[in-house]
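Join these two chains into a complex; the hints should help.
This is what each chain is made of:
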Amino acid sequence: RIVGIEIYIQRYMNRLFTKRLFTSTGKYPKTYDKILIANRGEISRRIQDTCKKMGIKTVAVYSDADRHAMFVKEADEAYRIGPPQSNQSYLVMDNILDVVKKSGAQAVHPGYGFLSENHIFQKLLQDNGVVFIGPPTRAITAMGDKIESKKIAAEAKVNTIPGYMGVVTEIEEVKRISKEIGYPVMIKASAGGGGKGMRIAWNDEEAEIGFRLSTEEAISSFGDGRIFIEKYIEEPRHIEYQILGDQQGNYVYLPERECSVQRRNQKVIEEAPSVVMDPDTRHAMGTQACNLARTCGYYTTGTCEFLMDKHKQFYFLEMNTRLQVEHPVTEQITGIDLVEEMIKIAAGYPLEYKQEDVKINGHSIEYRVYAEDPARKFLPSIGFLKKYREPYNRPGLRIDTGVQEGSEISMYYDPMISKLICWGKDRSEALKLLNQNVDEYVIRGVNHNLGFCKTIINNDSFIKGDYTTAFIPTFYPDGFKGEVMSVEDHKLLTIMAYKIKNIKDMQARLKGVDYEPYEYEPLYMEIDDTWYRVTHDHETEKFSVAKVEGEVEEKPTIFDEAKVEKFDYEHDSLIFTKVAGQEKTLQFNEVTDFIDYSFFYRGSNVKLRVLTPKQYEANKYMAPPPKIDHAKRVISPMPGSVVSVSIEEGDPVVDGQELCVIEAMKMQNIIRSEVEGKVKKVNCKVGQSVGVDELLIEFVQIQQYPPYIPEFSIYYL
Amino acid sequence: PVMLTLKTTRALSLWGIRPLALRPLWKTVVRSFSQVTSEESPLDTRPFVERLKEFKKAAVLGGGQKRIDTQHRKGKLNARERVQIFLDPNSFREQDLLVTHRCSEFGMHKDENKIPGDGVVTGYGTVNGRPCYVFSQDFTVHGGSLSETHAQKICKIMDMAMRVGAPVVGLNDSGGARIQEGVDSLAGYAEVFQRNVIASGVVPQISLIMGPCAGGAVYSPAMTDFTFMVKDTSYMFVTGPEVVKAVTHEDIDQEALGGAKVHTSKSGVAHDAFDNDIDALLRLRNFVDFLPLSNRAPLPHRPTDDSPTREEPSLDTVVPDDPKVSYDMKEVIEKIVDEGNFFELMANWARNIIIGFARMNGRTVGIVANQPRVLAGCLDIDSSTKGARFVRFCDAFNIPILTFVDVPGFMPGTDQEHNGIIRNGAKLLFAYAESTCPRITIITRKAYGGAYDVMSSKHLRADFNYAWPQAEIAVMGAQGAAKILFRGQDLDAKTKEYEIRLCNPLLAAQRGFLDDVVFPRETRKRIIEDLDLLRNKVLEDPWKKHSNIPLQLDSTCWL
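Protein chains in written order, with our numbering: chain A, -11 to 705; chain B, 17 to 575.
No wet-lab data here; the hints were simulated from the structure.
Some hints could be false.
Now the stretches of chain A that chain B is said to cover, found in silico as 3 or more residues with beta-carbon under 8 Å [claimed, not checked]: (1) 158 to 167; (2) 371 to 379.
Here are some of the chain B residues that sit facing chain A, going by a computed Cβ distance under 10 Å [unchecked claim]: (3) Lys92; (4) Glu97; (5) Thr249; (6) Arg318; (7) Asp337; (8) Glu350.
Values in this document were obtained by computation on a predicted structure and should not be read as measured data.
Don't be surprised by glycine CBs; every beta carbon is placed ideally from N, CA and C.
Isolated chain B, as found in the complex (with noise of 0.2 Å):
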């Protein structure tokens, strides 16, 4: 956001957009488009449906074919390809073909320089019959630069989306600002900045970069519920390396700065990375799948061959006895929910928390797990932003929520508590609290202290709160409880009293904090009982104009 308040010409220069590698777009004649009437050209006096026809041929390939080879010899496909294999086939319906971009500066109202379409491919189309905008930008315009005429084809879908409730799907392929159009171009980017936070809870916005995607443009995906990158082709920063260079002297590259691998295990922008375009539509497609169209859209129900009694009785023995022992919480849910499909997003980033899509019974839930293989599935900064985030997404969609809870406590140490776990765990806190959507939580092992509250307890307004017998609920391990009430007393034995005494989940189940202890094998089954009658789920908050939400960024942020 500082971002914004810079002037102008400074923020061009820290955006990153290198003019050096616009400027040959702009020189190149695009032949294709020598038809279009004006001053300088004999009048075109054939029937308007022939030049019609002639104009839309041209239009459809963008920048012409020289740069559609050109993009294809770098792994990639062009904006229309990409539309193509997105959505079902001979589905899309293409709009604003034929907008041109109103600048004059720079020799930019020339004909050659006019190209239809202005750099977006922008329409709706299906993802296995559900309706979906598609915005895809093409690099062979101008660089797929955003000009005010592309931000307006952006907008107007953006705005038809929310009117129709239809998800917007961004391919993001852009070399930045249009430079040439000056603010005309920064007022594009806040237009569509706006319509990002007007139809965030509205529609889902899914955001996948599929190239450049630099400087006051990363705000859009950024803000978009989801961000999804291609490997090797894609790089998302907000100053690139030449100005990094510049200002802290690192030097760095494109993909070390922000390639998908930095933004999908370390800066966590980015919910998931796929190895190429076609790779990256496809698994998008399935992704869509899981979303309703919008937040007044029933959940999207798929029928499924997986039966909704069916018991796992491993789950019975993938808990370790020994409190100590690892296990993976993925192999936990991918038992539970419909043919072990499960969506994870963020695998990479903040481990220690499991979030995604899967479905029970046919229907979409969004799952939120602690994964004791890492950190002992503790919470930490990390994963606390990255659960509230994802609890809020399924509260404004309504999507239920399952909760897998193996959890020991916050994570300690100088550098969480220096860097503000209490307000980034907060998060968390304020998102579970908060959601209205039908919940269920499981705890099958550890519920310690404070953690055991934040993890969508009873007592945050779950439906249902389930335990598997093996599951310990306390304020903290035994060992650490009896060291403080029995100090210079047989310690292991008083271990060994507080372990049976109140490391179980009985005495929750006695104050009606769960609603049952369930087998684990069970579980499916419960839970797509409960889902089922908490579809008509109501629950009501007083009237506000909105919560106030702990936002405040990381202080690392700034550095």
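Next comes chain A alone, as it looks inside the complex (with noise of 0.2 Å):
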């Protein structure tokens, strides 16, 4: 290879894409030269961020899946330390190590994941001489205990969820330890799970019933009948304190950040500061996540996170010890770069600022944008980015992203694509903000979750505050099947369509041509098997839609105006517009041909069919689509030797997935399934060579989608 040309891209690439932050005005103490950070993606940017305007060189550590990523090109520096996967590479202390002495780096940024509350990590660092930036050992072990860290919470005297730990036999040890805690409690099977043995009293009755209930079950179900007792929280909100502490030993916390959206014990949605917040809780709260830094030895930053219920009554759950996922909305409303923080404590300065001086500007709600398929219980979809184009920078947003166009999200990793954080100066302006930052992004080639986002920010509850850890469970039980779109919606699509199919076809036109243009007749469009008829009257710029069914037609709606404000085509022919005195912005998809059109609107993606009047009348006479005949066996493409076979007999399977791999020419080639179902046979083994046509895999095919088996674990909390 010409070494010359790889040196000029990434040069070219880091001319581009290299966006900073935070602008480097002021003036920042003495801290290291160079820093390693021992992590990937987004976070890895966003450190690096905040070392190049501190004038810190950077070191990026990466695996061979993401050799090409944005964080390895704009490091200072970037190393190799393994293959894919991450047990092999990023894990690996020893490697990175090797690259700490490589690179002559004085500190390592862990980030979050990865090795980022790993003691062994830290320790063998610091025997080398390297800082680690991140808390003191004794703080990592103590706090990575759930037994530790309650028993530190108690000696801190931090609100702990009042339980008794050990087993209990007697029915009026029962009622006596519910007093004690205070009803309602939760009867629990200590072998329990999944809802079994498990019963929620409100009163001695209930906890007489509730106890004997409990023991039956969990004997009948797991054969153990032991019983313990827990304070049980009504409806329970997520709220989490950012603290930071320095080596003196001054404690400050920040407003908190409440998660209360979850899926599956996964944040969704962050926000800063929490609706239900009022000043004596916060000072309550964050004084007591201070305490317990202060009796662990804590310093930099770190996270208590508190179940509160509706009584505001709190409840320690966890420390986190690292730099969480959600930071940035905290920084929003605060004005303080935590990562600056945290290398400037690392360094063994003093925090800057006293408690009073922490000031709450606005409100900050985040996003986490995943490549995933919420219509198919949230499974990750692996693929490249073929179209990736954020949102117009506006003031108040700002996207944290590891990628960009052409990047691949790799089964290797957490398939996160960005986090999406807006800030406005109250909440209901951060929500604007959000949903027409939903509207504006463009992404392609993968499945993602933006149309989750777009129902819960408009979910009434949500914009009300009025939510707690069920929320998801709550409105979406059985998962999300995209947005239900509204006759209305439906008519705004068609005046879209009408406006660009004018636009297309003065196009198409050849110039000086004189014939009757489409823009004066009515059109029908068919959106979900309904057909709507559109016209426009010229004089007035009138829209009238009505929807047809048959020979009847219903009584039209008249828009008084419809104006396209902007047709971007660079970003993806954005489509901004102004209907009925409301703005609307859609994304217009896959533009093929002008017969079919695809819009992305409100989170989904809408197929249009556009028929001019005689189109329409010969329409009738055409037959219904075909069926699509979906295969229940996969053949050979092409002649060659079956180099892995990823499922077995038995296995669900779901579009998309991987089957086996079939090598031909020296190629290989990722044979994936076109239907959902089960495997009825495998009839290849690796190693064996296939002709054309050769039956590889049979199928039995379901309705239903299979169970989801969450793989990709790896989300932080």
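Right under this line is the structure:
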């Protein structure tokens, strides 16, 4: 390869993609010359930004899967540390230590996940005279242990969930303990799980019945009748406090983050401050968090997580001894750069401000954009970002991402695309900005959860701030199947299609040719098997849209004004419109022909078919489209040899799942499933050579989606 | 061609025409035309203008409302509806509405069998404002069968199309030859064939098969530039299922013998298939928009919102580092062309090569690209012929050709060798070497061996040749080369050495076989600049009657 070209490419990319989060104004105390970031993706870039601001050189480490990633190109130095699997690269301490030595980095920032809460790694660095930017070892070990952390919390007089940790056997004992704790209480089987052997009791009577039933259930289900009792937290909200502590023993707490919108214990939306918080409770909680930190000799940033019930009683859950995924919301409302603080504290500088200096400025909301398919039980969606355009840069918007157009969302890591962080003077303003940004965010090539975001942030309960950790299970018990569009939405889309068709028809027509243009005739449009008739009055600029069913036409809706304010092709055909005084943003996808139109609107993809009256009349004679015949078997598309088979008989498969790899012409071709179902028979083995059209795999088709098996558990709370 | 030399009688049966299917048609009374004066009926004494009006009114109904309804019930439109949907509103000018046939055998001379128009609607109109000639066969009139006059009507518009320089679009829906006419009908076919050949390379000819097309009739669409079909309602074959059964004892139905699926994925006869009549006609409009009106006309130009200087950063990473891993060339094409609008042809046949039309800064380009996803993008018999025909079409109409190369070589194997990969591969080589239209070549990754030469290399008079930095231009892959050159030595080290020294675009660039090594993201910009420059390209060959492209058919064709 030509070495020169590669260097040139790298420089070229650096120039184009270096985006600084913070402007480099203020003066920074002398800390380190060079920091190694033992992480990847967006957090690596996030830390690099602060380092660049502070004039510190950065060293990135990367696995083979990340060699083209942005964080590698943007770092001052980058070193390979192993193959894609994180247990062979990002988690191998020796490899990282080698890079530290090779690059001469003085400190290591672990980011979140991977080695961030690993005290062995920290010890290893210390032994080699390298600074670990994070809390001291004793704090990590103390807080990493559930029992230990509860003990320390009790010592620091931090509210913990009251409960009797021992096993109870007598009904009288149950009643006594319950009274001590205070009703309501939760009676739990110690071997329990999945809601079995669990009862909530609000008084003595219920406690008695609950205890009996739980014991019986526990014995029959788990063969273990041991029972313990815990305080039941009504309508709990997840609230956490970011604390900052220096090595001199000064502590401040930063205003809380609320992360109650969770799906399977993964945070979906985080906001700061919490809507339910009052200054007194904030002070009480924050002080407890600081006390806890002080007790275990903690310094640098950390987060104390609490559960808060509807009576504003709060209980300590656990402490995270690292920089968290959702730290940007705190940064936005306080103006404090947490990474900068971490570096300064690690270098031994004291905190520059006191508790009273910390002020809340506005409201910030973060949504985690993941490459996953909400319609398929949030199964990760692997692939290349065919198109990736971030929303327009508006004041208050911050996007932390590690990807760009063309990047791969690989199967080896957390499929996070970005963090969409929106700040506003108040909550409604922040929500408005988030709404707008979701509309403008263009992601193609992989499925994503933007539609889910749109649904949540337009949920009335969420808008009111009236939600608990049960928000998603309550509103989306069967998962999220995509936004249901109203007739009004459909009508808006038909007007847009009408406008676009006019523009495109004008372009298609050769100049100087005169014939009756389409814009003077009504158009018929089909969305989801419903037909609409759209007419446009050129005198008054009014649109009228009517639903058509067979020969019957419903009363039309008149739209006074419909304007395309902006049609941004560069940004993947983003359309800003104003219909009847309302501003809407849509994305116009798949510009392949102008019969079928496809829009991305309110987080969902919508298909439209546009016909002129003549075509509509003729269309009645057309046979309905034939049902897609799902193949129940996979045949080899080419002669070659089987390199790997990734499924076994009886395995459930989903559309697009890799089944096997066939090597032909020295090329590896991934054979993917085109059906959803179950594998009936695998007719090929690894190493076997197969001919064209040879039967490889047979399926039994099932209608339902297979149960979701979470393979990707590297989500951070 | 061998079919044409057979005796008429045998040919009739072989061409799969089923007299049984036609019999009810001429027996049926067509009431609408009873006004036509003849010796038997009383003389109509109304003024001519009045009679004409009525006559025309009846004529547009073709075989009558009843048959039109039958056509609709089958999910098909009638001939005139098709023309109306294909052409711009109110632009159709029909010619020869009043033509009737001259056959007198088997009762054909009777009034009710003399249906004006004679089973084909012909004329011209506009598609997005540009002229276009159309003939649309009317299945409601004698099953759309081709008579002497029917053929004359088609020939007339083809002659006119050549004269004025406008494409000819045929909407085929015909039961076959008009058996009652005998050799007159065959002569009609031959006249059409002859016109097809003369018009070939003068004006674009497109066939859309919207119903049956059997027997000798298939050769007219086969000789046009592009053949499209409608799924489930159209089929094409030389001999029908009955004859197949009688001769080879194969039990097969029409769909499996010559349906849209067969011809788009197995035989490579059709360029694409569409869901239904409306879909087909509307998409055909989109397709015609790409083509110049004739070989004398300039390329069509459509204003676009897509910036000519748009950079596509994602192209920098589209080619995987591991040469064994494939990627989708279609993605590359869609990112480079205007608005991602790529009209692919023959998408399901010989998928290791991609052909189709797109626009660059509003002007049409033909695209030929190896598809690494299928058979690693190597050239085989089918892909070579597929590419060759397309290259020759583009050359005939001076449509610039963009070639995207990622080719590891020719497909090895006895199947390929015995079926003539040599002469078939030569077709693509010949077509490229012969073409004088503007040509730009981009080597995205592999360009190995003879296939490098074939794929529009500098040596074959390509105008601009570029490579992306990841390109590997060599006689063969590093591993194979090392095995031959360094037998018995440390192969891994030598492979690496070969890779570093030869598997890159540097050597080719030093020789001037590449004009530049460009960054993938800038490809679009470079191509558009070059195409602007090439608009006035002149390249002339010495006079000759015509070249002699290696045309031998595949031996398998005869089985």
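Hint check:
1. 158 to 167: Coverage by chain B is violated here, the residue count being 0 at a Cβ distance below 8 Å.
2. 371 to 379: holds (count 5)
3. Lys92: holds (7 Å)
4. Glu97: With Cβ-Cβ at 5 Å, under 10 Å, it holds.
5. Thr249: holds (8 Å)
6. Arg318: Interface hint status for Arg318 (chain B): holds (5 Å vs cutoff 10 Å).
7. Asp337: holds (7 Å)
8. Glu350: holds (9 Å)
Hint 1 from the earlier list is the only one contradicted by this structure; the remaining hints agree with it.
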